[in-house]
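In the order they appear, the protein sequences are chains A and B.
Residue 2 in the working numbering sits at position 2 of the first sequence, with consecutive numbering throughout.
Counting the second sequence from 1 gives a position; the working numbering is that position plus 210.
No wet-lab data here; the hints were simulated from the structure.
A portion of the hints provided could be inaccurate.
[Stated by the list, open to error] Straight-line alpha carbon distances no greater than 30 angstroms define the calculated DSBU-like cross-link-like pairs of lysine-lysine that follow: (1) B/Lys713 to B/Lys765; (2) B/Lys685 to A/Lys147; (3) A/Lys147 to B/Lys284; (4) B/Lys237 to B/Lys248; (5) B/Lys479 to B/Lys501; (6) A/Lys147 to B/Lys274; (7) B/Lys284 to B/Lys765; (8) A/Lys86 to B/Lys274; (9) B/Lys477 to B/Lys765; (10) B/Lys648 to B/Lys248; (11) B/Lys477 to B/Lys713; (12) B/Lys501 to B/Lys713.
[As the list claims (entries may be wrong)] Residues of chain A placed beyond 12 angstroms of chain B at every Cβ, according to the derived structure: (13) Gln69; (14) Ala129; (15) Pro195.
[What the hints assert, rightly or not] Here are some, though not all, of the chain B residues that point toward chain A, as calculated from beta-carbon distances under 8 angstroms: (16) Gly270; (17) Thr273; (18) Lys274; (19) Tyr432; (20) Trp598; (21) Ala601; (22) Val607.
Heads up, the beta-carbon is just placed ideally off N, CA and C, and yes, glycines get one too.
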Amino acid sequence: MSETPQSSPPVPLSVSERGNTIDRREAIRRVTALLGGVALAGGGTLFSAVERAHARAATVRQVGTFTAQDIALLDEVADTILPETKTPGAKAAHTGAFMALMVTDTYDERQQGIFRDGMQRLNDAAFMAATPAQRLAKLEQLDREQKTYTDTRAQGAPPHYFRQMKELALLGYFTSEIGCTQAMRYRETPGRFDPCVPYTPGETQWAGHA
Amino acid sequence: MQSQNYDAIVVGSGISGGWAAKELTEKGLQVLLLERGKNIEHIKDYVNATKAPWDYPHRGRRTKAMELAYPVLKRDYPLNETNVDYWVDERESPYTEVKRFDWYRGYHVGGRSLMWGRQSYRWSDFDFEANAKDGIAIDWPIRYADIAPWYDYVERHAGISGSVEGMPQLPDGQFQPAMPLNCGEELIAGRLKQHFDGRRRIIPGRTANLTRPLPGRSQCQYRNACWLGCPFGGYFSTQSSTLPAAMATGRLTLKPFAIVTEVLYDKNKKRATGVRVLDAVTNQTTDYTAKVVFLCASTLNSTWLLLRSATDVWPGGLGSSSDALGRNLMDHHFRAGASGTINGLDDKYYYGRRPTGFYIPRYRNLFGDKREYLRGFGYQGGASRSGWSRAVAELGVGAAFKDAAAQPGSWSIGGTAFGEMLPNPANRVTIDTNKKDKWGLPVLAIDCATGENERLMRKDMMNDMAEMLDAAGVKDVRTYDNGYWPGMGIHEMGTARMGRDPKTSVLNAHNQVWDAPNVFVTDGSCMASTACPNPSLTYMALTARAADFAVSELKRRNI
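Isolated chain A, as found in the complex (with noise of 0.2 angstroms):
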């Protein structure tokens, strides 16, 4: 996609245009325009936000006590979860090091113990050794489970190591550049705001901001 001339009008962005970066870019160029140059000092630091997430993602390695072996455990329950469909699935998404991240930033004392216990459960039963079928089947127990527990739980009870882990995945995928962009649909900057649009079974949801 090109870049319109700077003479342009502010004109909104259509829904039909793809890619945050463009948008982000797009975002500034306006603004720029409409101060009269101001913005354009920000410009820059705007800019590196973006290549310093496509940094981030490259790469995965230790996160607080989680290994990289840990990781990688985390990253294929994630993907069983939200496997790849015609949209990459959470493993693209790098679901498993952030999931690692939140245990590690968010989690108590007594909820980390429940998290990493559950992955050694994980890895009693050979998750990693088992085919895609195998783990998918063993997770639809576990998810059985959890939710069979978490509905009926008392307050103040422990979790369920899996309502962890399914609540971390979707959250981790879904605030995801993947997750935002290509499972589902987002404008940085959507520049209008329509009330009310026609929508089709199967279209995807617009991501909100973080």
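Starting from the structure of chain A, add chain B where the hints point.
Chain B only, in chain A's frame:
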């Protein structure tokens, strides 16, 4: 060397201080605008404004480290990864909670005008006459007619979008076109209007987001990322609206890192002579002089400043001769309401992230309605299609589950009530000399609680929403009262109220301190009651009105 003498000093650079600076400079005064925190430059310093969700390591969620650093902020929604730097460092600036009081502060240029909710409503004579009619506290010294032209004036400059409704309890204003209701809201609004004969009505939220450009500012781009700071200037803030206007006069001096510790008072002239400033970085103290001083440091901090000033004349501080100073702290109580599911509209969606929702103006204790409590409440709410997060609680894993989670779910709608809180002299702030902040300054002690009127009102706040949703055919209606502690509304008001009598109030009808006529207090501390609509637009109008009065009094050499 910087001059230490100005025509006017404005303390605080948030919504009220920004307006004071704009009005006073535009009327020809040399103005010193003092801000206790750092500068945040428009656009340049909005470091997170164009980040995508995946640019945040925790995708916007709070971490344990953040909860440790922000023990007050963590009590409710404001603590998150995206704008944590805009909230006050609680370790540097503690306060004392005699009773739990959630004080959410922004100490930087722009104050909370950067993070505010932007809902902008006029108050009416139902509000300004309420105290007198109910025999509660003291009468407001002004009526709607006094402030109406100033609402007109500030709305035009700030840019308020909204619809003209002709409702006497929520006067119309100088609106830009409204941000419309979405199809779910429109459907329910239509049914509600029929069922309640127009007395209870869903209208588009009136918000300080532009739907038409203003000079130097673009219309809203529907990113709904306002509280990161807007690179388009799409919503009203000090940075987008009042500060550029004040700067353009060439008469504004903005001084960040300037903690005002005292209003200097000359007991012979019975006038303030200026303020004492502690440099937050160097700890140097400097006195600045001016003919007039505007206190716009936010409700509790303006009162803190008064409590500390002129204590050689009044032990209770400047403006304390009536004993009203520090008393009648109020807020809006909220977090009660209901929500449910809208059947149908599966073939309808919306585009763009609208930064507002709907509003249901007050209807209780109006037009013949009479409840067992006084005053009333309004609802803020919205309808939307559910997103992927619904899938957490649904059974399923695998390909079909994933693709279903990526599609929008059913429509839901809900509303939360914001209720009026009655003034009570026992709800007060004092100086706690035993606790000091990072700069060695004694902190505020806050002693505030809701009462029986609020308790009774909360039942209606919760149940009325359910009644309306039921009546409009909404399914699976669930009510909630998530509990409320004063301060959570982030609408602190009172503690230096306006009045008609110096024996019972701190300020007169022009926001002038009775005991020091060249000191004006125009932030939320001046309020004699809270009404139920959001208060910021009223601070703007009162500030512009007071600035106009101050300049005319200066010209007449009355102050």
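Each hint tested on the structure:
no., hint, verdict
1, B/Lys713 to B/Lys765, "holds (28 angstroms)"
2, B/Lys685 to A/Lys147, "holds (24 angstroms)"
3, A/Lys147 to B/Lys284, "holds (29 angstroms)"
4, B/Lys237 to B/Lys248, "holds (27 angstroms)"
5, B/Lys479 to B/Lys501, "holds (12 angstroms)"
6, A/Lys147 to B/Lys274, "holds (27 angstroms)"
7, B/Lys284 to B/Lys765, "violated (49 angstroms)"
8, A/Lys86 to B/Lys274, "violated (37 angstroms)"
9, B/Lys477 to B/Lys765, "holds (23 angstroms)"
10, B/Lys648 to B/Lys248, "holds (15 angstroms)"
11, B/Lys477 to B/Lys713, "holds (19 angstroms)"
12, B/Lys501 to B/Lys713, "holds (25 angstroms)"
13, Gln69, "holds (22 angstroms)"
14, Ala129, "holds (19 angstroms)"
15, Pro195, "violated (4 angstroms)"
16, Gly270, "holds (4 angstroms)"
17, Thr273, "holds (4 angstroms)"
18, Lys274, "holds (6 angstroms)"
19, Tyr432, "holds (4 angstroms)"
20, Trp598, "holds (4 angstroms)"
21, Ala601, "holds (6 angstroms)"
22, Val607, "holds (5 angstroms)"
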